Amino acid sequence: MLVSIDLAAYAACAASGDFEGLAALVCDAAVRATRAGATLLVLCSNTAHMAAPAIACALPACPLLHIADCTARACAQQGYRAVGFIGTRYTMEDPFLTDRLRAKGLTVHVPSTAAVLAELQAIIEGRGGERRGGGEEREREREREREREEKKTNE
Numbered sequence: 000m001l002v003s004i005d006l007a008a009y010a011a012c013a014a015s016g017d018f019e020g021l022a023a024l025v026c027d028a029a030v031r032a033t034r035a036g037a038t039l040l041v042l043c044s045n046t047a048h049m050a051a052p053a054i055a056c057a058l059p060a061c062p063l064l065h066i067a068d069c070t071a072r073a074c075a076q077q078g079y080r081a082v083g084f085i086g087t088r089y090t091m092e093d094p095f096l097t098d099r100l101r102a103k104g105l106t107v108h109v110p111s112t113a114a115v116l117a118e119l120q121a122i123i124e125g126r127g128g129e130r131r132g133g134g135e136e137r138e139r140e141r142e143r144e145r146e147r148e149e150k151k152t153n154e
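As numbered in numbering that gives the first Met the number 0, the sequence shown has no gaps in its residue numbers, which increase by one up to the final residue, 154.
For the record, the hints were derived by calculation from the structure and aren't laboratory data. Treat the hints with caution; some may be incorrect.
Ranges between beta-carbon positions, derived for each pair [claimed, not checked]:
hint	residue 1	residue 2	range
1	Glu144	Tyr79	19 to 27 Å
2	Glu149	Val41	34 to 42 Å
3	Arg101	Leu64	15 to 23 Å
4	Ala75	Val41	44 to 52 Å
5	Arg80	Ala7	37 to 45 Å
These numbers were taken from a predicted model, which means no experiment stands behind them. All residues carry an ideal CB built from backbone N, CA and C; glycine is no exception.
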């Protein structure tokens with residue numbers, strides 16, 4: 000079964016930084032799903048995984064198939080130990096997924112520059128084509144980011 004969340008309310012919570020409100024929306028949907036007969040929960044959004052602890056508390060008898068656990072298992076099966084992590088700004092800035100991936104033994108690389116985050120957010124929001132031009136500046140920023148990462152690695 001599929002339980003939908005009001006996207007406007009979800010987006011408003013995320014945009015305003017009201018992650019308790021976002022967790023409440025997701026947790027409410029999980030409760031509705033179990034009342035309708037669900038015996039396993041899957042969240043179809045990285046950001047919604049912020050609510051995983053609240054769901055676990057509210058529904059201890061209903062397992063949640065967590066995206067970080069599934070990702071870590073698939074990486075291990077394929078022999079990957081390091082992953083690049085991209086997503087919405089909220090998902091990349093808050094460690095709720097990256098910490099869980101690291102706890103599973105993965106090295107997680109998250110882009111850290113404002114330019115990269117803005118570019119990814121534009122792509123996620125469907126504005127990627129509007130950002131054409133300025134490629135030289137983006138390439139210089141990418142080079143600076145590579146140099147910073149290399150410096151961190153060598154320290």
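Each hint, compared with the structure:
1. Separated by about 22 Å at the C-beta atoms, Glu144 and Tyr79 satisfy the suggested range of 19 to 27 Å.
2. Between Glu149 and Val41 the Cβ separation comes to about 38 Å, which falls inside the hinted range of 34 to 42 Å.
3. Taking the beta carbon of each, Arg101 and Leu64 are about 20 Å apart, inside 15 to 23 Å as hinted.
4. A hinted range of 44 to 52 Å for the beta carbons of Ala75 and Val41 is inconsistent with their spacing of about 20 Å.
5. Checking the proposed 37 to 45 Å range against Arg80 and Ala7 shows it holds: the Cβ atoms sit about 40 Å from each other.
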